[in-house]
Amino acid sequence: MEEIVLGIGITALAGALATIAGAAEDTESDIGSQGDPNSQVQLAPQMGYIHRIFNKAISGEPPAYAAWCAIGAGVAWAFLQIGYNPALAIILGSIVAVFVQGIYCISGYLGRTASLAKFEQPVYIDIIKSLLSVTMAHAFIAIFCTVTVCYLMATVLHAQPFALPILGLLWGLALGAAGSATGNPFYGKERQYQNQNFGAGVPISASGNIVRYAEAGERSSLDNGWFTTKFAGPASGICFGLIVFLELWRTVLFETSLGGWGAIVAGIVLILIFAVINLWVEKWGRETYGPYTSEEASS
Amino acid sequence: MTVKIEASSGGMPHNTIMMYGLIVSVVCIYLTYLNQLTDTQWFAFFGGIGAIAALWWGSDTIKHLCSYGLGTGVPSAGMIAFGIGAIAMVFATKFDIATPIVAIIIAGIIGAIIGYIANSIVNMNIPVMVMSMCELAIVGALTMLGFSAMCAGSFGFNNLVVAAGSGEVIMAIIPELGVIVQSGGPLFGASVIGGSVLAVIFILGAMALQHPFNACLGPNESQDRTLMLAAEVGFLSMIAVAVMSYAFIDGLSATIALVVSLLGWYYTFTQYVALSKRDAFMWLDAKPIREVGGK
Chain L
1 MEEIVLGIGI TALAGALATI AGAAEDTESD IGSQGDPNSQ VQLAPQMGYI
51 HRIFNKAISG EPPAYAAWCA IGAGVAWAFL QIGYNPALAI ILGSIVAVFV
101 QGIYCISGYL GRTASLAKFE QPVYIDIIKS LLSVTMAHAF IAIFCTVTVC
151 YLMATVLHAQ PFALPILGLL WGLALGAAGS ATGNPFYGKE RQYQNQNFGA
201 GVPISASGNI VRYAEAGERS SLDNGWFTTK FAGPASGICF GLIVFLELWR
251 TVLFETSLGG WGAIVAGIVL ILIFAVINLW VEKWGRETYG PYTSEEASS
Chain F
1 MTVKIEASSG GMPHNTIMMY GLIVSVVCIY LTYLNQLTDT QWFAFFGGIG
51 AIAALWWGSD TIKHLCSYGL GTGVPSAGMI AFGIGAIAMV FATKFDIATP
101 IVAIIIAGII GAIIGYIANS IVNMNIPVMV MSMCELAIVG ALTMLGFSAM
151 CAGSFGFNNL VVAAGSGEVI MAIIPELGVI VQSGGPLFGA SVIGGSVLAV
201 IFILGAMALQ HPFNACLGPN ESQDRTLMLA AEVGFLSMIA VAVMSYAFID
251 GLSATIALVV SLLGWYYTFT QYVALSKRDA FMWLDAKPIR EVGGK
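Heads up: the sequence lines are chains L and F, in that order. With my numbering, the residue at position 204 of the first sequence is 204, and numbering never jumps. With my numbering, the residue at position 199 of the second sequence is 199, and numbering never jumps.
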């Protein structure tokens with residue numbers, strides 16, 4: 001019984017850490033403009049829209065965060081092997097990971113933007129100077145929280161046979177996927193296209209015509225972070241937090257039941273419940289709002 | 001609408017890059033054998049240099065392959081290369097001194113099969129597909145072998161599944177692997193493969209392989225800049241591997257590897273920034289948007 005209480009406590013702590021990690025990850029990727037919305041940032045100069053948005057061309061978020069979290073967990077694991085204190089080891093691992101992340105950001109921006117010289121897109125070097133520290137800080141929080149979750153799983157829960165580095169790889173992948181799937185639509189479909197009619201979608205003719213000027217002055221990626229922190233960040237955080245919490249919760253509670261199959265059955269039941277919820281939400285949304293009609297057609 | 005992929009033509013021919021990359025990589029990985037000959041671990045960093053040579057060649061192969069219109073396929077190409085490479089590399093480490101050669105052969109065979117499936121059965125119809133997948137698989141295998149050798153001090157299988165450590169000699173049998181190993185101290189769980197450090201090497205290499213062309217693609221992509229970025233991310237990965245190698249090899253050897261990788265990274269990074277400055281349309285600091293035509 002005591003073990004289960006401890007397990008539930010760790011589960012709650014890991015869920016809370018994962019929520020912070022998810023929120024920080026999504027805000028980082030929106031400030032850096034990583035993932036699928038970046039294709040529009042990349043396309044804009046080719047359509048004649050010169051902009052001052054951070055064009056952080058690293059692969060999609062899941063592989064990128066798998067890399068950062070794996071580096072963080074791997075270095076932390078190495079320092080744990082030579083007898084460092086866990087807190088210090090995880091911090092050192094996150095520092096090395098965030099250093100790698102920052103260098104990838106610089107090279108991604110410089111590389112893509114320099115290759116767009118034909119379309120007269122200049123390299124605005126102050127974008128790197130002002131935004132790099134912000135993205136690195138957010139990435140540090142995301143990596144530190146994720147590696148801590150992995151450390152709790154590897155040492156306290158003993159619920160799985162994997163070593164810390166591979167847990168970092170797998171949970172980093174999950175973190176990137178959660179942030180990419182949950183948070184990106186808010187940045188890519190909403191914030192980049194505030195100049196389009198709400199709910200109209202983005203017609204092909206508007207591709208690349210992203211918002212480049214702000215209420216006052218010119219829009220920078222920091223404004224995008226400010227905007228997406230309100231909704232997309234917390235939504236990604238809840239998504240990743242729920243994934244980590246429910247995954248550990250089912251393992252801790254049902255691992256020993258049904259001859260070891262209990263946790264797997266509970267996982268399948270959870271997937272079915274979420275499938276039904278998703279189906280219901282989508283049906284409700286489509287029935288309530290219907291297909292988009294322009295104002296002239298509806299009046 | 002997706003971004004049109006354009007790659008520069010001209011520059012150093014791809015086959016020349018392949019020859020340089022392959023030879024330097026294999027020679028450097030073999031140079032880690034000096035560790036056994038001299039009974040030290042000072043030469044572990046040669047594994048990292050070999051991995052960088054392979055990555056340098058591989059980024060040009062990715063450019064070659066992905067200029068056929070694989071936009072979002074650039075990062076995926078890095079992942080599949082290392083997926084194949086991991087199989088070939090772990091298998092090859094059983095062959096002692098012949099390890100790098102066996103890794104190249106096995107990776108080449110698996111790469112050719114996967115390239116054939118992608119091209120003829122999945123019908124991607126890219127003329128260079130089979131050859132490119134072969135090359136990428138070999139790059140993946142050599143990079144993982146190089147970084148593993150750098151981390152553990154040598155590329156022998158026993159050295160990768162058993163942590164180095166002094167203390168009393170213990171016999172251990174690892175049933176999953178079917179081998180009997182001899183060592184003192186913590187065994188499988190503290191080794192490069194058992195501690196999953198190989199997973200970190202996998203993702204470090206895969207990111208470093210796909211990043212140069214992914215970051216530099218566009219109409220004004222230039223070969224020297226892309227290849228300089230390949231060396232830069234290679235050294236960056238080597239820094240992370242050098243830090244992790246403190247858990248496996250002695251402090252002096254790991255420090256040598258760290259210093260070599262930091263120096264290499266600093267040089268290639270400054271060179272890359274200079275090349276970006278050369279290729280950029282304008283290099284502006286805190287200036288407003290300059291609309292097309294200079295308005």
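Keep in mind the hints are simulated off the structure, nothing from the lab. Among the clues, some could well be false.
If we take Cβ atoms under 10 Å as the criterion, some of the chain F residues that face chain L in the derived model are [to be verified]: (1) Gly83; (2) Lys94; (3) Tyr116; (4) Ile117; (5) Ile121; (6) Met124; (7) Gly156; (8) Ala206; (9) Val260; (10) Leu263; (11) Trp265; (12) Tyr267; (13) Val273; (14) Met282.
On a predicted model such as this, the values are computed, not experimentally measured, just so you know. Every residue, glycine too, gets a C-beta built ideally from N, C-alpha and C.
Taking the hints in turn, this is what the structure says about them:
| no. | hint | in the structure |
| --- | --- | --- |
| 1 | Gly83 | 12 Å, violated |
| 2 | Lys94 | 22 Å, violated |
| 3 | Tyr116 | 26 Å, violated |
| 4 | Ile117 | 22 Å, violated |
| 5 | Ile121 | 25 Å, violated |
| 6 | Met124 | 20 Å, violated |
| 7 | Gly156 | 20 Å, violated |
| 8 | Ala206 | 7 Å, holds |
| 9 | Val260 | 17 Å, violated |
| 10 | Leu263 | 15 Å, violated |
| 11 | Trp265 | 8 Å, holds |
| 12 | Tyr267 | 14 Å, violated |
| 13 | Val273 | 7 Å, holds |
| 14 | Met282 | 4 Å, holds |
When held up to the earlier numbered hints, the structure conflicts with 1, 2, 3, 4, 5, 6, 7, 9, 10 and 12 and fits the remainder.
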